[in-house]
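Here's the letter readout for the chains.
Number of protein chains: 2
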Amino acid sequence: MNTAIFYHAGCPVCLSAEHLVADALDHSKYTVEVVHLGEQAARIEEAQTAGVASVPALLLNRQVFHINFGAALSDLQ
Amino acid sequence: MNTAIFYHAGCPVCLSAEHLVADALDHSKYTVEVVHLGEQAARIEEAQTAGVASVPALLLNRQVFHINFGAALSDLQ
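As given, the protein sequences belong to chains A and B, one line each in that order.
Residue 1 is where the first sequence starts when you use our numbering, and the numbers rise one by one after that.
Residue 1 is where the second sequence starts when you use our numbering, and the numbers rise one by one after that.
Looking at chain A on its own, in the form it has when it is part of the complex:
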């Protein structure tokens, strides 16, 4: 199974992307996890290590895709 992690911070840009993009993924191919970095600050480091620089971002099998721009990861720390 492929893994998709959608990192966001609850901002309007993030939520719009979450609803459409995360829902548009093929859930039969991808296990989709949604991580709210504002509420799960302990996972910011994990996101950084994966290459996430801003949210919203989608991690598909370890490859990062920054989708539009809501907030820089550094602003969440």
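Hints are computed from structural coordinates only; laboratory data are not their basis.
Check each hint, because a few of them may be wrong.
Note that identical chains are pooled: a pair holds if it fits in a single copy or bridges any two copies.
[To be verified] Below are the SDA-like pairs computed for lysine to any residue, each with C-alpha atoms no more than 25 angstroms apart in a straight line:
id, residue 1, residue 2
1, K29, A50
2, K29, E46
3, K29, Q63
4, K29, G51
Given the coordinates of chain A, assemble chain B onto it according to the supplied hints.
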């Protein structure tokens, strides 16, 4: 049926996004069309009208998501 249009320009950033993101979409929910604006310059205006400012970009039911950054649309004209 929902429509997803993936606009790109053949750049490395575009192709990486195309392979992973376009393939990850749920094709049972979305009709996925891939448009190479470098080869189909006639569709640049359509992309602009839809709000696309740079490629690669994904249009899900008329909402634009800019994914990473490959090239500005103005550079393709």
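Here is what the structure says about each hint:
1. K29 / A50: Within one copy, since 21 angstroms is at most 25 angstroms while 29 angstroms is not.
2. K29 / E46: within (23 angstroms within a copy, 31 angstroms between copies)
3. K29 / Q63: Both: 16 angstroms inside a copy, 24 angstroms across copies.
4. K29 / G51: within (23 angstroms within a copy, 30 angstroms between copies)
The structure agrees with every numbered hint stated previously.
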